[in-house]
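Line order of the protein sequences matches chains A and B. The opening residue of the first sequence carries number 131 in this note's numbering; numbering runs sequentially from there. The opening residue of the second sequence carries number 131 in this note's numbering; numbering runs sequentially from there.
Hints in this document: simulated from the structure, not taken from any laboratory. Treat each hint with caution, since some may be false.
Same chains, same label: a pair holds when it works inside one copy or across any pair of copies.
Unchecked claim - Below, computed lysine-lysine pairings styled on DSS-like, alpha-carbon distance capped at 27 Å:
#: 1; residue 1: LYS232; residue 2: LYS136
#: 2; residue 1: LYS232; residue 2: LYS260
#: 3; residue 1: LYS136; residue 2: LYS260
#: 4; residue 1: LYS232; residue 2: LYS167
#: 5; residue 1: LYS260; residue 2: LYS320
#: 6; residue 1: LYS136; residue 2: LYS215
#: 7; residue 1: LYS320; residue 2: LYS167
#: 8; residue 1: LYS232; residue 2: LYS320
Listed below, chain by chain, are the residues.
Number of protein chains: 2
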Amino acid sequence: MKHRMKIILASASPRRKELLEQIGIPFEVLVSHVEEKVTSVRPGQVVEELSGQKAEAVLGLLEEGDALVIAADTVVALEGRILGKPADTENAVEMLRSLAGKTHQVYTGVTLLYRRGEETARKVFHEKTKVHFYPMTEEEIRSYAASGEPLDKAGAYGIQGIFARYVRGIEGDYNNVVGLPAGRLYQEAKEWLESEESGNF
Amino acid sequence: MKHRMKIILASASPRRKELLEQIGIPFEVLVSHVEEKVTSVRPGQVVEELSGQKAEAVLGLLEEGDALVIAADTVVALEGRILGKPADTENAVEMLRSLAGKTHQVYTGVTLLYRRGEETARKVFHEKTKVHFYPMTEEEIRSYAASGEPLDKAGAYGIQGIFARYVRGIEGDYNNVVGLPAGRLYQEAKEWLESEESGNF
């Protein structure tokens with residue numbers, strides 16, 4: 131009997147969508163509003179918790195049937211402090227000023243919820259990537275902040291855009307900084323993707 | 131007096147073109163056939179030499195006028211051995227088999243040749259990025275090799291495509307693995323870009 135499992139990305143982020151497409155996983159997007167509740171201050175645990183809440187909310191929306199739900203959350207951490215998305219341009223300037231010339235960490239947490247018939251399973255993990263920035267002049271910071279690019283991005287920068295000018299290097303998965311640890315995600319999901327009989331994998 | 135400097139990318143690689151666009155540098159592409167001559171076996175020196183030969187050949191084609199020529203060359207090194215582009219699919223399979231589950235190095239050498247009036251200047255550098263691969267099954271290797279993606283790529287893989295599935299992480303500049311160390315390139319070229327009065331920078 132031919133079998134079809136739905137793969138659901140529980141995120142509206144165009145960057146996560148692109149990364150999942152890049153690694154050849156066919157999926158649909160389904161997003162649910164989540165009241166985010168965080169019990170930890172440790173970045174790795176925070177992103178795991180938040181990805182779990184997103185995944186649960188979306189699984190709750192799904193009708194019966196086999197499904198793999200993929201949810202993720204990303205934060206930037208600098209010297210123990212968590213940076214989310216900037217509130218406005220001035221806030222973006224402050225974040226960029228604090229990151230310039232230094233090394234920070236990007237954490238992306240992922241939750242995979244798998245349901246097949248009566249069987250359910252869950253995997254939760256996070257990946258950490260260190261990012262080294264070149265120094266930036268005040269003019270470079272203000273010009274980038276004014277471009278509007280920082281506003282929907284944790285830490286106020288997008289590594290995959292013009293900001294690559296200021297990135298000296300990283301340690302870890304690059305795609306984790308973009309918003310989804312594509313390598314780890316594929317390796318963790320592989321067993322469930324392969325049990326699928328569609329022949330896509 | 132308004133001044134206009136030509137910026138020339140001496141490479142036909144679509145990936146280098148995309149990276150230069152990404153960091154907001156306006157340029158034209160001009161490629162010259164080069165008889166590659168290498169005097170070193172050290173990867174960092176090899177890519178510097180080859181990028182220099184490409185840059186010189188293209189500067190030689192340019193008429194009078196101010197110009198910045200950017201040339202690059204990329205190789206993959208595994209345990210002291212240099213891997214270029216695979217000759218065919220079977221060769222790609224061998225390269226991928228040797229890289230799977232291990233760490234290798236990607237070297238990109240860059241030469242910048244700058245000419246402004248009577249003044250000329252040159253900068254040559256290379257960046258090294260370590261790349262860690264997950265183990266791969268024989269089926270995964272053969273399937274990727276058969277996709278044709280490896281054939282125009284040093285080391286037989288493209289980190290920016292579906293191959294991201296097998297990349298555990300890197301140490302260094304990600305764009306250096308794609309073919310151009312965008313961050314270092316921008317930092318090195320900045321002084322010359324800024325002396326330009328077009329207001330693009």
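Here's how the hints hold up against the structure:
1. Proximity of LYS232 and LYS136 under a CA criterion of 27 Å is satisfied in neither setting, with 42 Å inside one chain copy and 33 Å between copies.
2. Proximity of LYS232 and LYS260 under a CA criterion of 27 Å is satisfied in both settings, with 10 Å inside one chain copy and 21 Å between copies.
3. In this assembly of identical chains, the alpha carbons of LYS136 and LYS260 never lie at most 27 Å apart, being 34 Å within a copy and 36 Å across copies at closest.
4. With identical chains, the CA atoms of LYS232 and LYS167 are never at most 27 Å apart, being 30 Å at best within one copy and 39 Å at best between copies.
5. Taking the shortest alpha-carbon separations for LYS260 and LYS320, both the intra-copy value of 26 Å and the inter-copy value of 25 Å come in at or below 27 Å.
6. When the C-alpha separation of LYS136 and LYS215 is checked against a cutoff of 27 Å, the pair qualifies neither within a copy, at 31 Å, nor between copies, at 38 Å.
7. For the homomeric pair LYS320 and LYS167, neither the shortest alpha-carbon distance inside one copy (30 Å) nor that between copies (45 Å) is at most 27 Å.
8. Taking CA atoms no more than 27 Å apart as the test, LYS232 paired with LYS320 passes between copies only; the shortest distance there is 20 Å, against 36 Å inside one copy.
Hints 1, 3, 4, 6, 7 from the earlier list are contradicted by this structure; the remaining hints agree with it.
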